[in-house]
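Residue numbers (numbering that gives the first Met the number 0), protein chains in the order written: chain A, 0 to 266; chain H, 0 to 360.
Because the hints were derived from the structure by calculation, they are not lab data. Where a beta carbon is used, it is the ideal one built from N, C-alpha and C, also for glycine. A hint or two may mislead.
Straight-line distance between alpha carbons at most 25 Å, and here's what the computed BS3-like set of lysine-lysine pairs gives [stated by the list, open to error]: (1) H:Lys216 to H:Lys195; (2) H:Lys216 to A:Lys143; (3) H:Lys331 to A:Lys143; (4) A:Lys143 to A:Lys181; (5) A:Lys225 to A:Lys12; (6) H:Lys301 to H:Lys287.
Quick list of the computed label-pair ranges, beta carbon to beta carbon [to be verified]: (7) A:Arg212 to H:Pro10: 22 to 28 Å; (8) H:Ala215 to A:Ser7: 58 to 64 Å; (9) H:Phe316 to A:Gln185: 42 to 48 Å; (10) H:Gly332 to A:Gln185: 36 to 42 Å.
Part of the chain A face toward chain H, derived, beta carbon under 10 Å [what the hints assert, rightly or not]: (11) Met57; (12) Arg89; (13) Arg121; (14) Glu123.
In case you want the letters, here they are:
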Amino acid sequence: MMEGTGRSEPILKLEELRKSFGGLVAVNRLSFEVEEGEILGFIGPNGAGKTTVLSCIMGALRPDSGRIIFRGREITGWRTYRIVQEGIARAFQLSRYLRHKTVYENIELSTISNGLFERDDRRERERVVLEVAELVGLTEELWKLPPSLPHASLRRLELAKAIATDPLLLLLDEPFAGLSPKEVEQLSGVIRQLREEGKTIVLVDHNMRGVMRLVDRVVVISFGEKLAEGSPREVVADPRVQEAYLAGGGLDRDEPGQEGDNTGSMR
Amino acid sequence: MISSRARPRSPVHEALRWLGYGVVVALLVVAPYLLSGQPRWITVLTLANFFAVFAMSWDILSGYTGQLSFGHSFFIAAAGYTSALLNLYMGWPIWLTIPLGVVAAVATGLLVAIPALRLRGPYFALVTLVLPIVANKLVLIFSEFTGGELGKYGLAPLSSAPSFLAYQRAKYFYSLGLMVAVAAGLILIARSKVGKIFEAIRESEEAVEAAGINTAKYKILAFIISSFVAGLGGAFYVHYWENLIPSTVLSLTLSIELIVAAVVGGMGTITGPIVGAYFLVAGEEWIKGLARSSPSLAFLSKWDVMIFLVLLILLIFFARRGLLPSLRELAKGLLPLPWPRPRTPGPGRPEPGGTGTGGRG
Chain A
0 MMEGTGRSEP
10 ILKLEELRKS
20 FGGLVAVNRL
30 SFEVEEGEIL
40 GFIGPNGAGK
50 TTVLSCIMGA
60 LRPDSGRIIF
70 RGREITGWRT
80 YRIVQEGIAR
90 AFQLSRYLRH
100 KTVYENIELS
110 TISNGLFERD
120 DRRERERVVL
130 EVAELVGLTE
140 ELWKLPPSLP
150 HASLRRLELA
160 KAIATDPLLL
170 LLDEPFAGLS
180 PKEVEQLSGV
190 IRQLREEGKT
200 IVLVDHNMRG
210 VMRLVDRVVV
220 ISFGEKLAEG
230 SPREVVADPR
240 VQEAYLAGGG
250 LDRDEPGQEG
260 DNTGSMR
Chain H
0 MISSRARPRS
10 PVHEALRWLG
20 YGVVVALLVV
30 APYLLSGQPR
40 WITVLTLANF
50 FAVFAMSWDI
60 LSGYTGQLSF
70 GHSFFIAAAG
80 YTSALLNLYM
90 GWPIWLTIPL
100 GVVAAVATGL
110 LVAIPALRLR
120 GPYFALVTLV
130 LPIVANKLVL
140 IFSEFTGGEL
150 GKYGLAPLSS
160 APSFLAYQRA
170 KYFYSLGLMV
180 AVAAGLILIA
190 RSKVGKIFEA
200 IRESEEAVEA
210 AGINTAKYKI
220 LAFIISSFVA
230 GLGGAFYVHY
240 WENLIPSTVL
250 SLTLSIELIV
260 AAVVGGMGTI
270 TGPIVGAYFL
280 VAGEEWIKGL
290 ARSSPSLAFL
300 SKWDVMIFLV
310 LLILLIFFAR
320 RGLLPSLREL
330 AKGLLPLPWP
340 RPRTPGPGRP
350 EPGGTGTGGR
360 G
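So here's chain A without its partners, still in its complex pose (with noise of 0.2 Å):
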C-alpha cells in the first residue's frame, strides 16, 4: 500500500535535465517525478546514465541545463552539503568509506552537524550511530576497519552512513551488487523499514527483476533518455523495454541481484 497518495506535490522533480560529457550527451532532457513515500525503481541498462542523473541530484555534477525540485525548492547546481542538509542522501554504488576510521566513527561523520558554534552533543550522536548500526545489522562490526570487512557488510555500512545524516529522500546506487539471495532479502527488510518511517527510496538497478516486489513504481531509461514509466507489471510488459534490454538480459536473469554485464560504456 503506498504512503502519502494524499500528497499532491511530489517530493522530487526532475525537468529536462541534460548532462554531456565532451560530445557524449549521459542523461538527455530527463524528467519525472518521485511522490513522498513511495520506493521507485530507478531502473537502466548499465552505462544508462543512472548515476550521472544521481550525481546531478547530490549536486556532484552541475547538468547543463534542466531543474531538479526537492520539496518545491529548485535545488539545481547546490553544493552537495547543502542538499545533503536539506534532506537528499545517497549511498553510492562504490562504498566510499575512511580507510582509516572504524565503522562507528565512519558512520558518526555523518551525525556531525556542519555548525562551528553548535553544541556537539556526544550522547545524541552515540544514540544516533548505534540505532543506524541496529538497523541495517552493523551492530556487531561497530569497531572493526573497513577494509577488513567483507562485502555485503560494506554495502550495509554505506547505507547506514546515508541514513545517519537522517533524510527525506535516500537514492540507492545498486544496492544489491554483489549481494546473494538471502543479503538481498535482508536489505530490502531494511529499505521496507525505512518506508515504513516515511522516508521516500529510489532505487536505482540495472537488474528489473531484483527490485519487482520492493518497488511501487519504475522509470526506466536507456541511453540518458526515459524510456517507460509505470507499475513493475506494466514496465516490464513494455516492449520498448524489453528491446532495450536484450542487449545486456537483465530483465531475463534468474537470479536477483547479481551483477549486471560490464558493458563498459560511459558512466
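Assemble the complex: chain A is given as a structure, and chain H must be docked to it using the hints.
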C-alpha cells in the same frame, strides 16, 4: 581484529594521559633550575619550544586536513615582520604589536586558503612553496624599509630582567608558556568534532560533503587556526631574538625543518611534532657538543644535517608514523599494562594486527 564493543578511550585512560602531559610540563618548568649550570641548554630548550609551536601549527593544517603546506614560514614571517616593524617604526609595545602580527598572519592564511580551495595536490603545494620565496624577494626590494638581508636590530625584548640568568629564564618561560598554551588549545581542537572533520577531509572530501558538512568552510578554518598559531610563534620569536632577519623567519630551510620535525615526531597527532621539534633541536645541539668535546669528533659539526636526513629516511622506512606513535607502540609491547584499545591508525599506517583481548564485551 578488534571486535569488542568497548569505547576507544575510557575516562581513566584519558585522565592518565593528561596526567602524563602534566608530568612532562612540570619537568619542563623545573628544567631551567636544574640546568642553571649549563645555560646553553636553556637556550636550546627555548628554541625547541618555538620550533614545537611552528611544527604544531603545521600539523593542525597539513597533518590533520592533508593540505600540505611547504612554505609555512610565510605565516611566521608575516607576523614577525608586522610586529617587528610596528615596534621599530611606531614605537608600539609588544603587547600591541604581537597581536597585530597574529592578525597579519591570519590575513595571509586566508590569502592562501581561498585559492587553495580551487587547487589540487601538487599545484597547491607549489603555491605554498613559492609564497615565502616571493615574500623574501619583496623584503629585499623594500630593504630600505624592511632591513633587507641583514635585517633590523634593536627590537623590544620579551623580558627586561636585570641579570643574564634571570633574563634567559624569563625568555624560556615565555616560550614554554606559549608552547603549552598552543599544545593545549590544539589538542582540544583536534579531539573535538572539528578535529574529526579535519581528519575526514584528509581521507575523503567527498565523504565529508556527503555527510552534510561544508568542506570549504573547514578547510579554511584549518588555515585560520594554523596561521594564527604560526603567527603567534613568529611574533614572539622575533622579539625573542630582538632582531628581524629573513633567514631566521622567512627561509625555505625553516619551512622544511618544521615539516621534518612534525613528520619525525608523528604527524596528525599534535603531540608528535613537539617530540619531533625537541628531538631535532636538542639532537643538533647534542651533536655539536660531541663535535666540540674531542678533536676526533670535530667532523660531526659538518655532518649534523646529514645525520638527521639519514635518520629521517630510516624513520620513514621503519617507523613511518613518527617517533611518538612508534615509541608508544614499543612501550605497549614491552610493558604488560592494561593499555587502552588501539586508537584508529593515523596516516600512513598499515592495518593493525590482532591486539584486542578477544571475546565479546
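Hint check:
no., hint, result
1, H:Lys216 to H:Lys195, "holds (14 Å)"
2, H:Lys216 to A:Lys143, "violated (30 Å)"
3, H:Lys331 to A:Lys143, "holds (21 Å)"
4, A:Lys143 to A:Lys181, "holds (23 Å)"
5, A:Lys225 to A:Lys12, "holds (14 Å)"
6, H:Lys301 to H:Lys287, "holds (9 Å)"
7, A:Arg212 to H:Pro10: 22 to 28 Å, "violated (49 Å)"
8, H:Ala215 to A:Ser7: 58 to 64 Å, "violated (37 Å)"
9, H:Phe316 to A:Gln185: 42 to 48 Å, "holds (45 Å)"
10, H:Gly332 to A:Gln185: 36 to 42 Å, "holds (41 Å)"
11, Met57, "holds (8 Å)"
12, Arg89, "holds (7 Å)"
13, Arg121, "holds (9 Å)"
14, Glu123, "violated (12 Å)"
Checked against the numbered hints given earlier, this structure breaks hints 2, 7, 8, 14; the rest are met.
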